[in-house]
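Peer 1: Okay, here's what each chain looks like letter by letter:
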Amino acid sequence: MTDVPLLDLSGLTKAYPGVVANDNVSLQIAPGEVHALLGENGAGKSTLVKMIYGLVKPDAGKMQMFAAPFAPAEPRAARAAGVGMVFQHFSLFDALTVAENIALGMENAPKLNALSQQIRDVSDTYGLPLSPDRVVGDLSAGERQRVEIIRCLLQDPKLLIMDEPTSVLTPQEVEILFKTLRKLSAEGTAILYISHKLEEIRSLCDSATILRLGKVVGHCIPRDTSARDMAEMMVGKMLQTPTRAGKEPGEVVLSLNKLSAKSPNAFGMPLREISVDVRAGEVLGIGGVAGNGQDELLAALSGEMLSAPGMVAFRGVDVGKLGPTPRRALGILSAPEERLGHAAAPDMSLTENAMLTAAVREKLESRGLLNWARAGRFAEKIIETFDVRTPGPSNAARSLSGGNLQKFVIGREVLQRPDLLVVNQPTWGVDASAAAAIRQALLDLAEGGTALVVISQDLDELMEISDRFAALNEGRLSQPRPAGGLSVEEIGLMMGGAHGMEVAHV
Amino acid sequence: MDLSAINPILFVAGFLVAATPLIFAAIGELVVEKSGTLNLGVEGMMITGAICGFATAVETGSPLLGFAAAAVGGALLSLLFAFLTQITLANQVASGLALTLFGLGLSALLGQSYVGIKPPRLNDINFGPLSDIPVIGPILFTHDIILYLGIALVAATWAVLKFTRAGLILRAVGESHDAAHALGYKVVRIRTLAIMFGGACAGIGGAYISLIRVPQWTEGMTAGVGWIALALVVFASWKPWRLLLGAYLFGGITQLQLNLQGAGVAIPVEYLAMSPYVITIIVLVILSRDKSAAPACLGRTFHASS
Amino acid sequence: MIRLEKRPQPSRLFSLATPLLAVLATMFFGGLLFAALGKEPLTSIQTIFWEPLFGEFSFFYRPQLLIKGAPLILIAIGLSLGFKAGIWNIGAEGQYIMGALFGAGVGLAFYPLEGFYIFPLMVLAGAFGGWIWAMIPALLKVKFGTNEILVSLMLVYVAEQFLASMSLGLLKNPEGFGFPGSRNLQQYESAFNGDLIAGSGMHWGVVCAMIAVIFAYVLLTRHRLGFAIRVTGEAPRAARFSGVNPTRLVVFCLGISGLLAGLAGMFEVSGPAGQVTIDFNVGYGFTAIIVAFLGRLHPIGILLAGLLMALTYIGGDIAQSQLGLPAAAIQVFQGMLLFFLLALDMFTNYRLRFGRTEVA
Numbered sequence: 002m003t004d005v006p007l008l009d010l011s012g013l014t015k016a017y018p019g020v021v022a023n024d025n026v027s028l029q030i031a032p033g034e035v036h037a038l039l040g041e042n043g044a045g046k047s048t049l050v051k052m053i054y055g056l057v058k059p060d061a062g063k064m065q066m067f068a069a070p071f072a073p074a075e076p077r078a079a080r081a082a083g084v085g086m087v088f089q090h091f092s093l094f095d096a097l098t099v100a101e102n103i104a105l106g107m108e109n110a111p112k113l114n115a116l117s118q119q120i121r122d123v124s125d126t127y128g129l130p131l132s133p134d135r136v137v138g139d140l141s142a143g144e145r146q147r148v149e150i151i152r153c154l155l156q157d158p159k160l161l162i163m164d165e166p167t168s169v170l171t172p173q174e175v176e177i178l179f180k181t182l183r184k185l186s187a188e189g190t191a192i193l194y195i196s197h198k199l200e201e202i203r204s205l206c207d208s209a210t211i212l213r214l215g216k217v218v219g220h221c222i223p224r225d226t227s228a229r230d231m232a233e234m235m236v237g238k239m240l241q242t243p244t245r246a247g248k249e250p251g252e253v254v255l256s257l258n259k260l261s262a263k264s265p266n267a268f269g270m271p272l273r274e275i276s277v278d279v280r281a282g283e284v285l286g287i288g289g290v291a292g293n294g295q296d297e298l299l300a301a302l303s304g305e306m307l308s309a310p311g312m313v314a315f316r317g318v319d320v321g322k323l324g325p326t327p328r329r330a331l332g333i334l335s336a337p338e339e340r341l342g343h344a345a346a347p348d349m350s351l352t353e354n355a356m357l358t359a360a361v362r363e364k365l366e367s368r369g370l371l372n373w374a375r376a377g378r379f380a381e382k383i384i385e386t387f388d389v390r391t392p393g394p395s396n397a398a399r400s401l402s403g404g405n406l407q408k409f410v411i412g413r414e415v416l417q418r419p420d421l422l423v424v425n426q427p428t429w430g431v432d433a434s435a436a437a438a439i440r441q442a443l444l445d446l447a448e449g450g451t452a453l454v455v456i457s458q459d460l461d462e463l464m465e466i467s468d469r470f471a472a473l474n475e476g477r478l479s480q481p482r483p484a485g486g487l488s489v490e491e492i493g494l495m496m497g498g499a500h501g502m503e504v505a506h507v
Numbered sequence: 008m009d010l011s012a013i014n015p016i017l018f019v020a021g022f023l024v025a026a027t028p029l030i031f032a033a034i035g036e037l038v039v040e041k042s043g044t045l046n047l048g049v050e051g052m053m054i055t056g057a058i059c060g061f062a063t064a065v066e067t068g069s070p071l072l073g074f075a076a077a078a079v080g081g082a083l084l085s086l087l088f089a090f091l092t093q094i095t096l097a098n099q100v101a102s103g104l105a106l107t108l109f110g111l112g113l114s115a116l117l118g119q120s121y122v123g124i125k126p127p128r129l130n131d132i133n134f135g136p137l138s139d140i141p142v143i144g145p146i147l148f149t150h151d152i153i154l155y156l157g158i159a160l161v162a163a164t165w166a167v168l169k170f171t172r173a174g175l176i177l178r179a180v181g182e183s184h185d186a187a188h189a190l191g192y193k194v195v196r197i198r199t200l201a202i203m204f205g206g207a208c209a210g211i212g213g214a215y216i217s218l219i220r221v222p223q224w225t226e227g228m229t230a231g232v233g234w235i236a237l238a239l240v241v242f243a244s245w246k247p248w249r250l251l252l253g254a255y256l257f258g259g260i261t262q263l264q265l266n267l268q269g270a271g272v273a274i275p276v277e278y279l280a281m282s283p284y285v286i287t288i289i290v291l292v293i294l295s296r297d298k299s300a301a302p303a304c305l306g307r308t309f310h311a312s313s
Numbered sequence: 032m033i034r035l036e037k038r039p040q041p042s043r044l045f046s047l048a049t050p051l052l053a054v055l056a057t058m059f060f061g062g063l064l065f066a067a068l069g070k071e072p073l074t075s076i077q078t079i080f081w082e083p084l085f086g087e088f089s090f091f092y093r094p095q096l097l098i099k100g101a102p103l104i105l106i107a108i109g110l111s112l113g114f115k116a117g118i119w120n121i122g123a124e125g126q127y128i129m130g131a132l133f134g135a136g137v138g139l140a141f142y143p144l145e146g147f148y149i150f151p152l153m154v155l156a157g158a159f160g161g162w163i164w165a166m167i168p169a170l171l172k173v174k175f176g177t178n179e180i181l182v183s184l185m186l187v188y189v190a191e192q193f194l195a196s197m198s199l200g201l202l203k204n205p206e207g208f209g210f211p212g213s214r215n216l217q218q219y220e221s222a223f224n225g226d227l228i229a230g231s232g233m234h235w236g237v238v239c240a241m242i243a244v245i246f247a248y249v250l251l252t253r254h255r256l257g258f259a260i261r262v263t264g265e266a267p268r269a270a271r272f273s274g275v276n277p278t279r280l281v282v283f284c285l286g287i288s289g290l291l292a293g294l295a296g297m298f299e300v301s302g303p304a305g306q307v308t309i310d311f312n313v314g315y316g317f318t319a320i321i322v323a324f325l326g327r328l329h330p331i332g333i334l335l336a337g338l339l340m341a342l343t344y345i346g347g348d349i350a351q352s353q354l355g356l357p358a359a360a361i362q363v364f365q366g367m368l369l370f371f372l373l374a375l376d377m378f379t380n381y382r383l384r385f386g387r388t389e390v391a
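Residue numbers (this note's numbering), protein chains in the order written: chain E, 2 to 507; chain B, 8 to 313; chain R, 32 to 391.
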């Protein structure tokens, strides 16, 4: 490491109404260093990098780059100063081509032809195959990430910020990405690597800064620190892992027979011949990289998407032609990934959101007339049982934090005593204690004889709660296998290996 | 009925004229929609342009100044829409309707003292011997400059959208305002400029009706052309050249039904007069299955939250 | 710098205060407009808002308030249901015309027969006429995904031409000395929609508007369908997830708004207007859009907004005859009201923050 740090942050503070996102945060990054920024959701990692990237201005504190003041007013200025950023949610344009997307992220983009050649060169050099003429909407999540990375690399960044880059990758793709990052680091590019996955950080990063509730709670050398110690710093207390007693699964509740369906979205993924049985009391975990048919599978089970006869059977009865309401009446409940706008209506009160899915099973309506008093009581019950932090059921859904709303949404379905519950990303963006509570609730439900389908991109979560594991890849579901004893390698192969990256070599 | 009263050469020359207001209004709206904003106020901006242009032309005696004033008038009115939808984040459908209702009232108010007046004539461009070529000459080379400008505008819009960085940024903002914002593009500013461009174009289109096609001022004289222009953008799948084709199709139908009325066809006048609207509906039905070309953010409100 | 910050939840205070603020702002800027036209602003405002209610001839104008308000409220109630769900019927004017033509057509078909059953049949025909006209955009949207805004609006122009054709042709008064327009229904007792209490302005259309307000209120607050409408407007995906069938909702919302607009047209043509003429419609179908928004798409709000808008119509007429204020000025005035409402509506969901700005 050299004496003058590439980037020196000292005393950065940023407050939003009601919350201090960053409180006196300081850290230093040397050229070529791979620096991890570690913390739970809501710890303030995103706010910090947004300040470095010029998207947010700090309230106090200063930033220096090579000992010179650095205060980017906008992303453009940050890019000009040599900061590149790969977002967790890609800022890409589906209808435009790879080359057009990359041109939009550059200050002085060359002509498209010349740019396409540069893209090919960089993708060869770093082993990231990508065709410049393809429309981004048709790319897989891993390929989309490559677009972002190449966009940054074309500008010769001194510092590359990566926000949770591996959440959309298979284990094999992660290895390839790490090779690319190590090569970059060897060439002198510093990398600020944001993650909450400890093993990843231990294998990749030179140093780490740990954030909790907006404050720096420690620095460490990840290679010399155990994952357990880092976890304790990150969370602040030891967490209980969910427990469950092994139990013999009961009769078949859900039976999918070559379920195929077109996606309702233009850039969605069709489902292709999915066959699987789920039994009472069993948890089927479904992994896979985002965009491989997760949303579509949930829609096909919840009844938002109808399917041809004979494909979806519930206790032996064909339900493919039934909409969400009759399916709920039968006992098929679900909780989609997107909390605001899909699982809940943002501007409506929690009482109204309780009415949204519980009208039939909780007898909140009779002959079309709605019983708001009952709905209010049901909402209160959810709030109480699941420890949802809110002043009361008359508050709008959007006023809740992500974790609290997620507890409400999951709780709403769990309390309706489902026979089959389908959830997509049950703990996405939720802090660790809430996530543990949600997982425990799901396991308790299975204990009581409910069949569960848990779709998630968090492999650790799936390994923790699943009886059997299967992976979605390009709309196909792999053969389910008992979750106990599966290796990361095997899981990766089930998820589709490296998505056409086998040819890649560094 | 005497169909021979319809002179095919005059008919074709006539429908080029009939299509021009549509071309202006629709190409403006195409740019607005490409930026991700749906402005339903085209009718209101057209009629405002029609009276601004008419009044200015009458007062100054210069039709070209009239067109300039129409562009300014349309753009100013569209600024109201931009304020509502970009600054106060109002619903775009409601704001567009408000613009149309307001524009119709405003133009009626402004136009009170101009009813029954003849505006100064805008002379056709002198193409010399070209206009003497049989058939082609009278069809192509006997028009005013604004008509040619309309065609040039379509070509320019196509080229800018396809080949320039400005066009790429405009399309990007319409595809995903969040992504564009994350890259540091000024979504609100870009959309406001697009909306003003749309307003100016609609204004010129309106003035073309009041100064050249009719030419006089009556209340509500745009009679739904603005709405047909909106339909035309859908018809064209947001592609400039298809838009030109569509405008000529509608111009042809309008001109044909007028000629048929003149020729005394046995169909009642009212049914001929409703035909452009009915045909618009039919075309919408045929083409609305393909929505994939629509900008992904069309009609959605953008609020930068960091 | 000023910037907007989203409120954690919609402000109740502002959702009530916005319409009032919008009216005040419109009065102020309307006054400036009238001053620019060379009229005394205060007198103009007073003439529009005060004269019809408390002026010398208020005994004549007050009933007019009901007569002009009823069609606006009736149509706006129907529109508001669709608007709430994001289904935009803006062709109410056409549905209004078709309702009037169907209603009047049935009535005239019985002429000169008298019978108690004639008026109820006309009501049914009027409702059917508006409904069927709204079913065109509804079915095209459901079957082909056609934009209902454009189709319903195009159908206004078609209906206007149809109206012209009817009043010059089929429905023309055979004893009318060649003048365009139908027989006057006011002189045909079985078909006449007169005052239920003489001189009150209270005709069947007013009764119907009251029923519509109550019906919409119960529907939106107590019924599954009303809840489905609200959820669909707030979050379409959440609505689908909860089991709302969007197809049925489109057909219902467009159908009910067409039906109510048709009824409004029928009550108007058989009562206050009296006969089918080329221009018996005075734009209620478009003004009702303003009424629906001004009433915040809430039934009670629409009731008040409809009466307010009727007031500006009547007051505008008085101002026209007494002060020579042009009719178009009133139209601008109404347009302004909608503008201010939409602009101020921002405060329901956002609050202003003064201070340093983020990168916008």
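These are calculated hints, taken from the structure and not from any lab test.
Among these hints, one or two may not hold up.
Computed cross-link-like contacts, BS3-like style, restricted to lysine-lysine with a CA-CA straight-line distance of at most 30 Å [said to hold, decoys possible]:
{"hint": "1", "chain 1": "E", "residue 1": "Lys112", "chain 2": "B", "residue 2": "Lys169"}
{"hint": "2", "chain 1": "B", "residue 1": "Lys125", "chain 2": "E", "residue 2": "Lys112"}
{"hint": "3", "chain 1": "B", "residue 1": "Lys193", "chain 2": "E", "residue 2": "Lys159"}
{"hint": "4", "chain 1": "E", "residue 1": "Lys364", "chain 2": "E", "residue 2": "Lys382"}
{"hint": "5", "chain 1": "B", "residue 1": "Lys193", "chain 2": "E", "residue 2": "Lys112"}
{"hint": "6", "chain 1": "E", "residue 1": "Lys198", "chain 2": "E", "residue 2": "Lys159"}
{"hint": "7", "chain 1": "E", "residue 1": "Lys58", "chain 2": "B", "residue 2": "Lys193"}
{"hint": "8", "chain 1": "E", "residue 1": "Lys58", "chain 2": "E", "residue 2": "Lys159"}
{"hint": "9", "chain 1": "R", "residue 1": "Lys174", "chain 2": "E", "residue 2": "Lys322"}
{"hint": "10", "chain 1": "E", "residue 1": "Lys216", "chain 2": "R", "residue 2": "Lys37"}
{"hint": "11", "chain 1": "B", "residue 1": "Lys169", "chain 2": "B", "residue 2": "Lys246"}
{"hint": "12", "chain 1": "E", "residue 1": "Lys159", "chain 2": "E", "residue 2": "Lys259"}
{"hint": "13", "chain 1": "E", "residue 1": "Lys184", "chain 2": "E", "residue 2": "Lys112"}
{"hint": "14", "chain 1": "R", "residue 1": "Lys174", "chain 2": "B", "residue 2": "Lys246"}
{"hint": "15", "chain 1": "E", "residue 1": "Lys63", "chain 2": "B", "residue 2": "Lys246"}
{"hint": "16", "chain 1": "B", "residue 1": "Lys193", "chain 2": "B", "residue 2": "Lys169"}
{"hint": "17", "chain 1": "B", "residue 1": "Lys193", "chain 2": "R", "residue 2": "Lys37"}
{"hint": "18", "chain 1": "E", "residue 1": "Lys63", "chain 2": "E", "residue 2": "Lys198"}
{"hint": "19", "chain 1": "E", "residue 1": "Lys63", "chain 2": "R", "residue 2": "Lys37"}
{"hint": "20", "chain 1": "B", "residue 1": "Lys246", "chain 2": "E", "residue 2": "Lys263"}
{"hint": "21", "chain 1": "R", "residue 1": "Lys174", "chain 2": "E", "residue 2": "Lys263"}
{"hint": "22", "chain 1": "R", "residue 1": "Lys37", "chain 2": "E", "residue 2": "Lys58"}
{"hint": "23", "chain 1": "R", "residue 1": "Lys174", "chain 2": "E", "residue 2": "Lys259"}
{"hint": "24", "chain 1": "E", "residue 1": "Lys263", "chain 2": "E", "residue 2": "Lys184"}
{"hint": "25", "chain 1": "E", "residue 1": "Lys382", "chain 2": "R", "residue 2": "Lys174"}
Keep in mind the model is a prediction, meaning the values are calculated, not measured.
Peer 1: May I ask which of the numbered hints given earlier this structure violates, with the numbers listed in increasing order?
Peer 2: 2, 12, 15, 24 and 25
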